[in-house]
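Given these sequences and hints, build the entire structure.
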Amino acid sequence: MSVLAYVESFKGKVKKNAFEIVSYSSELAKKLDTDLVTLILNVNDTSELNKYGASKILKVTNPNLDSFDAKLFANVIAQAAKTTNSNHIVLSSSLNTKYMAPLLSIELDAGYLSNVVELPSSLSPFTIKRTSFTNKAFCDSTIDSEVKIIGLSSNAFGLLENNTESLVEDFNPSLIEKKITINSTEKVSGKISIADADIVVSGGRGLKGPENWNIIEELAETLGAATACSKPVSDMGWRPHSEHVGQTGKPVAANLYIAIGISGAIQHLAGINSSKIKVVINNDPEAPFFKAADYGVVGDAFDVVPRLTEKLKAFKA
Amino acid sequence: MKILVCISHVPDTTSKINFTEGDTVFDSQGVQYVINPNDEFGLTRAMWFKEKQNATIDVINVGKSNTEPTLRKTLAIGADKAIRIDSEPIDGSFVAREIAEYIKSNNYDLIIAGRESIDYNGAMVPGLIAGLLQINFVTNCTKLEIDNNTATIEREIDGGKEILSCELPLIIGGQKGLVEESDLRIPNMRGIMQARQKPLEVIPSSNSSSKTKSIKFYKPDPREEVKLVSPDNLDQLIDLLYNEAKVL
Ligand SMILES: Cc1cc2nc3c(=O)[nH]c(=O)nc-3n(C[C@H](O)[C@H](O)[C@H](O)COP(=O)(O)OP(=O)(O)OC[C@H]3O[C@@H](n4cnc5c(N)ncnc54)[C@H](O)[C@@H]3O)c2cc1C
Ligand SMILES: Nc1ncnc2c1ncn2[C@@H]1O[C@H](COP(=O)(O)O)[C@@H](O)[C@H]1O
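Each protein sequence line maps, in turn, to chains A and B.
Residue 1 is where the first sequence starts when you use our numbering, and the numbers rise one by one after that.
Residue 1 is where the second sequence starts when you use our numbering, and the numbers rise one by one after that.
Any given hint could be a false lead.
As the list claims (entries may be wrong) - Cβ pair distances, simulated, as ranges: (1) B:GLN53 <-> A:GLU177: 28 to 34 Å; (2) A:PRO125 <-> B:PRO204: 53 to 59 Å; (3) B:ASP147 <-> A:GLU286: 28 to 34 Å; (4) A:PRO125 <-> B:ASN207: 46 to 52 Å; (5) B:ASP147 <-> A:LYS82: 56 to 62 Å; (6) B:ASP27 <-> A:LYS191: 40 to 46 Å; (7) B:SER28 <-> A:GLY237: 47 to 53 Å; (8) A:ILE176 <-> B:SER28: 39 to 45 Å; (9) B:GLN197 <-> A:PRO285: 31 to 37 Å; (10) B:GLU225 <-> A:GLU161: 43 to 49 Å.
Said to hold, decoys possible - Simulated pairs of lysine-lysine, DSBU-like, Cα-Cα distance not exceeding 30 Å: (11) B:LYS227 <-> A:LYS250; (12) A:LYS311 <-> B:LYS161; (13) A:LYS250 <-> B:LYS104; (14) B:LYS227 <-> A:LYS276.
The set of hints was computed from the structure by calculation and includes no laboratory data.
Source: prediction; values computed, not measured.
The C-beta atom is built at its ideal place from N, Cα and C for all residues, glycine as well.
Structure (structure tokens):
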């Protein structure tokens with residue numbers, strides 16, 4: 001019996017969310033009084049994982065796993081779970097992993113819960129807290145099957161340093177045939193995606209038009225943040241659909257969410273509620289966002305935002 | 001082409017969420033129900049297949065009789081037949097098993113579900129159906145075209161998109177992009193009249209197993225009041241974010 005943490009990689013390096021997955025899994029393993037095995041695909045240097053408690057690493061190297069295929073990856077992870085006799089599998093909530101997780105749960109006949117935000121509150125019955133109703137509520141859920149899959153919501157647990165020596169072992173799974181062909185992939189290069197970002201700077205209709213987005217972009221660049229927007233902004237074509245956040249758009253689980261010229265409608269808040277700290281900049285003190293935020297500035301975005309950016313530049317320097 | 005659209009019946013996005021019976025059950029008092037937004041995009045895309053490529057559309061829901069108005073609405077929009085599997089939707093694995101059983105005896109070329117429901121938020125039902133039936137599966141679909149037996153799909157990925165192709169049968173998790181909001185259809189009088197004549201079959205549950213249970217719900221703790229910072233004192237904001245919130 002062990003805990004299996006699957007962490008994603010990109011171009012030979014583990015993705016940033018790996019450290020949170022390993023931190024969580026290592027605490028879970030302690031709670032279950034068992035070992036942690038961390039599975040990685042096509043990563044050269046695994047040393048960064050030691051810091052968070054990855055005591056045993058199962059390393060797969062195979063160029064056929066360079067591009068993602070949900071069914072193939074689910075099958076590889078299932079083989080790793082069986083080989084290591086793992087009854088608890090921990091996954092991230094990236095788009096690819098959420099795509100793959102249900103397929104893995106069928107392969108292992110496992111119960112799967114997504115959007116998990118904490119360690120289990122009880123081991124028997126295995127009870128764990130997750131978000132539901134698009135972050136408007138939490139739910140304690142049990143997993144009743146022997147094998148359990150936990151999809152951890154991003155930034156829900158944080159990082160926990162726990163230096164260990166890692167034992168690295170090679171693993172050679174057999175690969176099933178791919179049924180889905182990738183014709184092309186388009187990544188917006190040089191931009192931080194909302195899913196990967198610690199900080200998100202988001203603009204609403206209060207910005208009046210796409211030509212004013214430079215103030216959002218400069219603030220985001222200064223903070224190393226991703227940019228996002230409210231629904232009407234993407235509906236009007238001011239910004240791409242991929243930036244639309246909220247209940248019917250993307251969820252944002254960042255450490256810091258800065259909302260500029262966004263009123264704070266219930267559908268918008270639902271999607272960003274699980275962000276840790278929320279800052280609102282709005283010229284209407286009655287805007288509902290002030291009820292949902294940690295910090296607020298009542299003021300004109302066109303005045304406040306450029307000055308804030310200048311001050312942050314000085315602060316960072 | 002035979003299409004099945006999975007319809008989840010969910011509280012309207014403006015609903016305030018409350019619970020009853022010792023916080024074990026969602027309180028539906030005064031709540032308006034709608035077609036799950038991701039499913040509505042899928043249904044509308046299915047309508048285009050019906051109009052341009054002669055497809056037939058069945059819709060399916062696992063739920064009790066209170067979901068029937070939602071199913072009638074899908075018929076008024078233009079689906080040909082609705083199926084309700086008569087059971088509480090216990091969890092994602094239960095719902096997927098129930099729907100997979102139905103598909104086994106009714107072969108579809110294309111099954112359209114949503115990327116995720118806005119109530120349970122599992123993002124798992126379509127993937128589980130795919131796994132159970134061993135058919136192709138793509139989620140986060142933002143475009144879908146079908147030519148003979150081949151599907152071409154645009155899918156959102158973290159930080160971009162990709163174009164995929166595969167053979168039918170296929171199940172997708174759809175989202176906005178399949179069609180736009182402006183393409184969504186409001187049932188007209190004729191549609192509503194016709195819907196009354198269309199079949200809404202109620203079939204018994206096959207008593208599938210479930211693997212998880214929701215045992216208790218609660219709402220986030222009430223937040224502390226917002227701390228207001230004067231626009232003339234933005235240094236204070238930076239100080240709070242750095243020293244108090246520790247997020248810079
Ligand atoms: C089914 C459904 C689903 C939805 N899903 C989503 C969703 O996922 N995400 C989402 O965002 N919305 C969603 N909405 C829309 C939502 O209800 C709101 O309409 C939307 O969030 C409002 O966007 P906004 O705050 O940018 O614009 P507005 O509500 O117009 O707010 C603009 C704000 O800017 C402020 N402002 C104006 N000028 C300035 C200035 N110079 N400086 C500073 N502030 C200024 C105003 O005071 C105001 O508060 C949904 C709606 C429906 C019906
Ligand atoms: N009770 C249900 N009946 C029919 N389809 C459902 C049901 N629940 C979920 N679905 C479908 O599965 C998708 C994903 O739901 P979920 O896994 O709950 O996030 C939804 O968008 C629907 O298409």
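Cross-check of the supplied hints:
1. B:GLN53 <-> A:GLU177: 28 to 34 Å: holds (29 Å)
2. A:PRO125 <-> B:PRO204: 53 to 59 Å: This hint is violated: roughly 29 Å between Cβ atoms.
3. B:ASP147 <-> A:GLU286: 28 to 34 Å: violated (53 Å)
4. A:PRO125 <-> B:ASN207: 46 to 52 Å: Violated, at about 21 Å.
5. B:ASP147 <-> A:LYS82: 56 to 62 Å: Because 39 Å falls outside the window, the suggested range is violated.
6. B:ASP27 <-> A:LYS191: 40 to 46 Å: Hint holds: Cβ distance 42 Å, inside 40 to 46 Å.
7. B:SER28 <-> A:GLY237: 47 to 53 Å: violated (37 Å)
8. A:ILE176 <-> B:SER28: 39 to 45 Å: At roughly 44 Å between Cβ atoms, SER28 of chain B and ILE176 of chain A fall inside 39 to 45 Å, so the hint holds.
9. B:GLN197 <-> A:PRO285: 31 to 37 Å: Since GLN197 of chain B and PRO285 of chain A have Cβ atoms about 55 Å apart, the given range 31 to 37 Å is violated.
10. B:GLU225 <-> A:GLU161: 43 to 49 Å: Check failed, 34 Å falls outside 43 to 49 Å.
11. B:LYS227 <-> A:LYS250: Holds. LYS227 of chain B to LYS250 of chain A sits at ~27 Å (cutoff 30 Å).
12. A:LYS311 <-> B:LYS161: At roughly 35 Å apart (the allowed maximum being 30 Å), LYS161 of chain B and LYS311 of chain A break the hint.
13. A:LYS250 <-> B:LYS104: violated (33 Å)
14. B:LYS227 <-> A:LYS276: holds (15 Å)
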